[in-house]
Amino acid sequence: MKLIIFISFLSIFSFNSNAHDYYFAFAEMELNEESQKLEVTLILNSHDIDHWLQNTNFTLLDLEKPSLEKNLKEDLNNFLQSGFIISSNSINYNLIFKGILLKDDGNIEFYFESQKKIESEEITISFDLLMDKYSQQQNKLIYLKELEKETYEFLPSKTSHLIKL
Amino acid sequence: MKTKLLLLLILVPTILFSQHKFAQLKEELATPNVYRNAAGAPGHEYYQQQADYKINVSLNDSEQTIHGEETITYTNNSPDHLTYLWVQLDQNRKSLDSDSKLINVEKMENFKSVNQLELKTLNFDGGFKIKNVSLSNGDEINYFINKTMLRIDLKEPLSPNTSISFNISWWYNINDRDILNARSGFEYFPKDKNYLYTIAQWFPRMCVYNDVEGWQNKQFLGRGEFTLPFGDYEVNITVPSGHVVTATGELQNQKDILTKIQLERLEKAKNASEPIFIITPEEALKSEKTKTKALKTWSFKAENVRDFAFASSRKFIWDAQGVDINGKNILAMSFYPKEGNPLWERYSTKLVAHTLKVYSKYTIDYPYPVAISVHTKWMGMEYPMICFNGGRPNEDGTYSEQKKYSMWGVIIHEVGHNFFPMIINSDERQWTWMDEGLNTFVQYLTEQEWERNYPSKRGPANKIVNYMSGDKNNISPIMTNSESILQFGNNSYGKPATALNILRETVMGRELFDYSFKVYCERWKFKHPTPADFFRTMEDASSVDLDWFWRGWFYSTDNVDISLSNVKQYITDSIAGNKKVIIEEKVKELELKQPQDITIGTLRNLESISTTLNEKDTSINDHYGWKRKSYNDSILEFAYNEDIHHVEYDIKTNDSKYYYELTFNNIGGLVSPIIIRAFLEDGTTEIVRIPAEIWLKNDKEVSKVFVFKNKVIGFRLDPFLETADTNLSNNVWPAKKTPSRYKIFMQNKK
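Order-wise, the sequence lines are chains X and F. FYI, the numbering for the first sequence is 18 to 182, going by the working numbering. FYI, the numbering for the second sequence is -9 to 740, going by the working numbering.
Some hints could be false.
As the list claims (entries may be wrong) - Not everything, but these chain X residues come out facing chain F in the computed CB check (under 7 Å): (1) F41; (2) L48; (3) E50; (4) E51; (5) S52; (6) D122; (7) L161; (8) K166; (9) E167.
These aren't lab readings, by the way, just hints derived from the structure by calculation. Even for Gly, the Cβ is constructed at its ideal location relative to N, Cα and C.
My request is simple: use the sequences and hints to build the entire structure.
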């Protein structure tokens, strides 16, 4: 309840610090040419994860442990994958959680690999993580393609992109 | 038709010229005058108003209300005759008919739960209830309330250099922060049934009247905070007798309030180099359990401040230490409940002391007698001499590293606000960046002197690229009024702090920047500066034309993205004299053995900051400390190498045979210095720095010839991540595939 109230009022009241003022989540994605699976890194600010954790029985400290508790891993997986969906021809490609890294700069990186081989030349990425909480949220995907980097922006008004692999 | 053509011929060059990246800021800045001169300093007829307050206030702990009465003495130092005065009623933003609620743009889809919808029907009335407005002799006075502003109609205009005194009495309901979060409010602790109040913007306050805005009486909508005239305050605060009160200013009646032992501790703390308790955790715990109906009055005085805030609770632990600022002893203090520990007793007061020292070095000497940090659950807000700061550990006392850094950052930031805008008193209602941006910049400097390689979230150029490369429809120029800013934090805190860091490290250099920045602070301390005063001072004191920089960074949403789009190699043919022969060999892609990226600030701080606080005071390091220590070693090695291969660049006298023509494209639109690292075949590297003025004649594409003693096997732009270049992948020649984060993680895992 507190969290909901806090979040809903953030857009109305401003504080000079420690308020949520980042409004970014990032993804980096690459197709592994050997395995033909997508390798994905989701990058979130620890504030966001901290707020999300307040709805669970865990704290940020639990993320620092060498291996995540099963329940936390499942909860995190569901939370992140509900906001980052890979699909093609109406098939969703589930992601396997491969690891987590808490960075010095306050970001947390989550690593995933697609469960199946990607057999299509085009995929749709839907990336609306945190947009239900923050109206100013804008997410960004960087797709690594040989020497090139393709950048896709996701806003509440456009939450998905078609990407040619 | 001819007239139209003529007009077009006149207008087109004018428009083109005005849009030029290096065009001077003539139209954007106000014309200099007798109040603010062209050098960016106060003019010879600069004036500012004075507002002195005598306030009696009582805090009702059982009803959570504030009741107050004040006498304001307002002195008109302007050359104008004032027929009315404007007073701010910030609490009216929490009144039932507040415009803030009405103007908040919503869609039904924004409400994700019934609870969120229920908030829309929340009927909390936190607005001022004005009971009386009268002259100091008791005569009635006409007034009119327009939402968050109160106009006092004077029977006779207030002439220049005269004063008027009048009284206002009021009350209001204090908001519960857990329901209605705001800058001011209370937190209830259900386990011990106590309240912790952090009370701000709680009394009717005079608006600023000046040469720029006339009366600054824009309505308070929530984002644009405030600007206030300086004045002297005498405030008596009546609270339950078990409460401990801290406030802007110095406590006047400590002998009536504190016990003998507490008085002795307070006296001892004034010269203590480490925090010592005035009220111990055990005493605070005892106080939590003792609830009496008796009242006590705490009296405070503050001179030459622009506002007054206070905090009150039975739960407060109180510690303090002395801070020497160029021979003046300041008392740094913290007030926190047991829920703030272990973080607060370990760090808060030390952070206050450290912040005062570092800010005093880069801005002005801290002029007030005390500086106070008060614990809150998760917010941060500043007032003169006192600030409210978040950072609460888990209930069992454990805390994550992120929580610790968040708490450190908030305390440094909010204490830093004493300088911007409490003393260098810019108009927050108009320009958020003038206090938040400048403060965040000095916050970064302070963090770096607290702990080596402190992971500052804002300041270094590479921290802003994600924001600046975002969708431009969702980005505002820095020079946007506080209420209209998109992405508030990045716009008003991060981007200006980054811009100043780039000025310091890359455009001006540290010596010129630090001197000019200090000139600005000295010129405008206890005064009301505008953006133009800042822009002009920075140029006037440094002899660096920065109009292109202000235009690009402050007036546009362009970003830096400079690509190294082409490299041609030439070699001197020794047989045919100096005839240059194009070598079109394809350079084999080589693995550029490049050290881990280090920002320019980090690199230079290795030399400029001989000892950080945590290197002097080992109690700063906790169980998280070891990680960063090991990280330092690799930086040191790199810095050493960098120094050895410092470039010597003189085409006339050296014997270099390798010539390279590099072509650069400005893709992002924001002109920037170009920093190039050349990787030579013999394993050395050279750095070349080119000022932004290379783009003077063509801001889209430029080329430049470089001479090296050895064959170059690779180039990289922005090697120290100092220009906020948003796309590093086009900075490298030959093009090189960078491993993904996923691959690096999996590699390190093995």
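Hints, verified against the model:
1. Restraint check, X/F41 versus chain F: the minimum CB separation of about 6 Å is within 7 Å; hint holds.
2. Evaluation of the X/L48 hint against chain F yields a violated restraint, the C-beta minimum of about 10 Å exceeding 7 Å.
3. For X/E50, the interface hint is violated, the least distance from its beta-carbon to any beta-carbon of chain F being 12 Å, above 7 Å.
4. Interface hint at X/E51: violated, since its Cβ lies 12 Å from the closest Cβ of chain F, which is beyond the 7 Å cut-off.
5. A cut of 7 Å between beta carbons decides the hint on X/S52: the least distance to chain F is about 12 Å, and the hint is violated.
6. Look at X/D122: its Cβ gets to within about 5 Å of chain F, closer than 7 Å, so that hint holds up.
7. Of the supplied interface hints, the one on X/L161 holds, with its beta-carbon coming within about 5 Å of a beta-carbon of chain F, less than 7 Å.
8. The beta carbon of X/K166 comes within 5 Å of a beta carbon in chain F, closer than 7 Å, and the hint placing it at the interface holds.
9. Look at X/E167: its Cβ only gets to about 10 Å from chain F, farther than 7 Å, so that hint breaks.
In this structure, the earlier hints numbered 2, 3, 4, 5 and 9 are contradicted, and the remaining ones agree with it.
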